[in-house]
Amino acid sequence: MLAKGKFVGRSVPRLEDRPLVTGRGRFADDISFPSQWHMRIVRSPIAHGRIRSIEAKAALALPGVHAVWSFADIAHLPPIGFRLTGLIELEAYRQTVLAQRYVRYVGEPVAAVFAADPYLAEDATDLVEIDIEPLPVILDAAGRPGPFDEQRDTETSVIEKKSGDIDAAFRAADTVISLDLSIGRHSGVPMETRGAIARYDEARDVLEMHGAAKVPHWNRDRLALMLGRHPDKVQLYEGHVGGGFGIRGEMYPEDVLVCAAALKFRKPIKWIEDRREHLIAANHSRQQRHKIRAAIDKDGHILGIDDEFFHDNGAYMRTHAATVPDLAAAMLPGPYRVPAYRARGHIRLTNKTPCGTYRAPGRYETTFVRERLVDAIAAKTGIDAIEIRRRNLIDKNAMPYPRGFSTLGTDVVYDSGDYAKLMDRLLAAAEWQGMRRALERRRATGEKVGAGFAMFVEKSGLGPFDKVRIEVTPAGTIELITGVASIGQGVETAMAQVCADTLGVDYTRINVVHGQTDRIEKGMGAFASRVTVMCGEATHMAAVKLREIMLAAAGQLMQTPADMLDLVDDEIVRTGGTGPTMKLAALAAARPGDLTAEAEFKSSHMVYPYGAHIVQLRVDADTGAVAIERYLVAFDIGKAVNPMLVEGQIIGGLAQGLGGALFEEFTYTDSGDPLAVTFADYLMPTANEVPAVETFVSEDAPSPLNSYGFKGAGEGGITPVGAAIASAIDDALQRPGAVTQLPVTPQRIKAMLRDR
Amino acid sequence: MRTKAAITLNINGRDYPIDVEPRRTLADAIREDCGQTGTHIGCEHGICGACTVIVSGEPVRSCLMFAVQADGKQIRTVEGLAQGDKLHTMQQAFIDHHGLQCGFCTPGFLMLAVGVLEREPDISDEALIDVLSSNLCRCTGYQNIIKAVRAAAKEMQKK
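Same order as they appear, the protein sequences are chains A and B. Going by the numbering used here, the first sequence runs without a break in its numbering and finishes at 756. Going by the numbering used here, the second sequence runs without a break in its numbering and finishes at 159.
Just so you know, the hints here were simulated from the structure itself, not pulled from any lab data. Accuracy of the hints is not assured; some may be wrong.
Which residues of chain A face chain B? A few of them, derived with a C-beta cut under 8 angstroms, are [said to hold, decoys possible]:
#: 1; residue: L20
#: 2; residue: A655
#: 3; residue: S698
Note that CB positions come from ideal geometry on N, CA and C, so glycine has one too.
Turn these sequences into a full structure, and let the hints guide you.
So this is what it looks like as structure tokens:
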């Protein structure tokens, strides 16, 4: 039963905006408690070394400095565990909340200072003397592994995914194409840095942590386990969150430290990260090197793909464990038939900041790799790259399409899609042939201009469940309570739209409560473009139930059979349109506590949106700079709840993708010192670099796995940007395969032009 | 270092007599000493612009100014834009054009845009984008921010 769609599918204004434009938000740093102490972390200045001593006397002598902790003070706390893809063999590489014996990256927490004020805490960290004996550093994940500790080396695990007979494919090949491709080290870098404020409420015996984000329930359960408390005695509270992108809201050492300190000192403990800390201590992502080979026949059909890649996870295995390399291996084949496939991913550690996910984890990387490979097939065979894609695309009649392996605990089965239709629509919108001819004419006059095309399949809607409770209070307020989280993406608006349509009320009536562990007993949070799919369906299910309950209750009061009643615009009316009516508020007042329903949506499969990007750009031969002249995106997400929000996700993702393709990179010196520690070094796109974008959101392939056909919209804006840009730069330089590494910085373009 | 100076910050027309260390940033003083937390701190090194406020009519980065330097000056923050329940044209335009997602950078963009348009109401499109490129947003990709500011500029010209 699907409602009439008064709100779903419409670009209604967001419910979130008013407090955010008036300065009334509640971000982490906006939360304070009386008599709070401030925590400041002493971080390792050395990339790899053995800790000889930590001396805090001078720091403790400063008036107002209350305590300094090092590992000995928290030795009872276990390392932080894995939230996803937690392979057993990776556990030995988990990070303790303060360094134990060794430091393994610049920025690693070594000690924690607690003081009356943040300026003082920072003064005190300068007085903590740490003596570290330097050890050789490992910075190249694709090089030879080295020692992690006395027992283990830096190759933590090798993951493998395969289907078909890869050896037979290469034996049968007409041609084999080999590429060596690298993706730089990037991260989500939200505008709000991390923050956590812990407070122990003695009266309730509850430890509270404010500043939670993304996955509050998982973090609550894990904090309870680490601190030896009952989960009901640890509660997490999400306020406003200044951007997520994968990095924010994962459990980090600092979160555990504020909680442990609040329990120990019985004082509220506040920690707010500064930007330098953020750039060296919060998760990095992306860095991989792929050595990939394709077996093709004489017509450019892919017979097999064999990829060996090296994933640089930095110094430790954090909460994501093997998630990024696992997704890379599973999603590399993209929209193409790959009859035989093998991916082997070496999960390596280096003396750099530990890694986690960043928007489109594993897909940004492997879409670059796969689309580079397809372009190389075209160059090798002399067949047009679009035609090569067309010959290899999975046909819509082959859906659902199983890949023959799994990721994130789900079998990879593309649920629906018409890839060729989407490709043709975007090519037509761009007037691709005309665009190419016009660029050719400009190149003839000496301009370095080119066009690039890239396709991708995304994944979204990761289960295993989401639960929603909808309550109408006696005062008539409608509350939708969920365990998902808001990271700025518009979850309140989107869920209110779904709920309102199903119930028969205005969407502005729905108060969406999220990220509060004391309001609902479980929840999965906001990641993997899962919220609209999972929570949307759970919301729909709960609203269907609540509507039945409300009509039945109204039927008793109005002495009318429930099936002759309808809820329209906040009012119970007879379906015929005549006779007595009853305001929802009157019903709520008459039935206090009765108007509540909950539902849980379970799903063991992800849903797979897909799309394509086209970019036209110009390379400045003198400076090596790239100017985007035109950018088009086609993205099929099954069903758009709010097209305005979907477009916002696409363009926002695209901007980040451009950053990773052209500007952003965490680089290190040979001794492992980070070189990108300010926004003057880690260059994110500004309004000058991000072009106007032509977006084409389609609904050709609704998912068969939920009522509305939703697929997640959060990542398709970023996924193929590196791939499309690389293709366009090749075209501009008229050198197929020139780009082998992201980001394509001006220096790298200048080098390509010199190498000519 | 720990001696404090007695200063008065005038924020949105109201005086806040406070005692601050000379090293205290204006951003921290506005937020912590005056309780106006709408001004956000994104980088503390003058690049992201989240902390932009208007001091004596000019948009400034309050993380790069010491509170003592703003003693006695007229400071405007995001909290002062709306008149009661009536949003400023710029605030309404950001809502209408989906010019924000997480909203963390938004106060800085609002104050930057308002400050510039009050000074230069008929700023060219090109110059406007150049001005907006001085602040960072990680969610929107800027296109809707540009649309919102252009729309607000037109509205503000009418008034």
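Does A/L20 hold up as a contact with chain B if the rule is Cβ-Cβ below 8 angstroms? This hint holds: A/L20 lies near chain B, its Cβ roughly 3 angstroms from the closest one there, short of 8 angstroms.
Given a cut of 8 angstroms on the nearest C-beta pair, is the interface hint for A/A655 held or broken against chain B? Result: holds, 4 angstroms to nearest chain B Cβ.
Does A/S698 pass the interface hint, meaning its C-beta sits closer than 8 angstroms to a C-beta of chain B? Given a least distance of 20 angstroms, the restraint on A/S698 is violated.
The structure fails hint 3 only (numbered hints given earlier).
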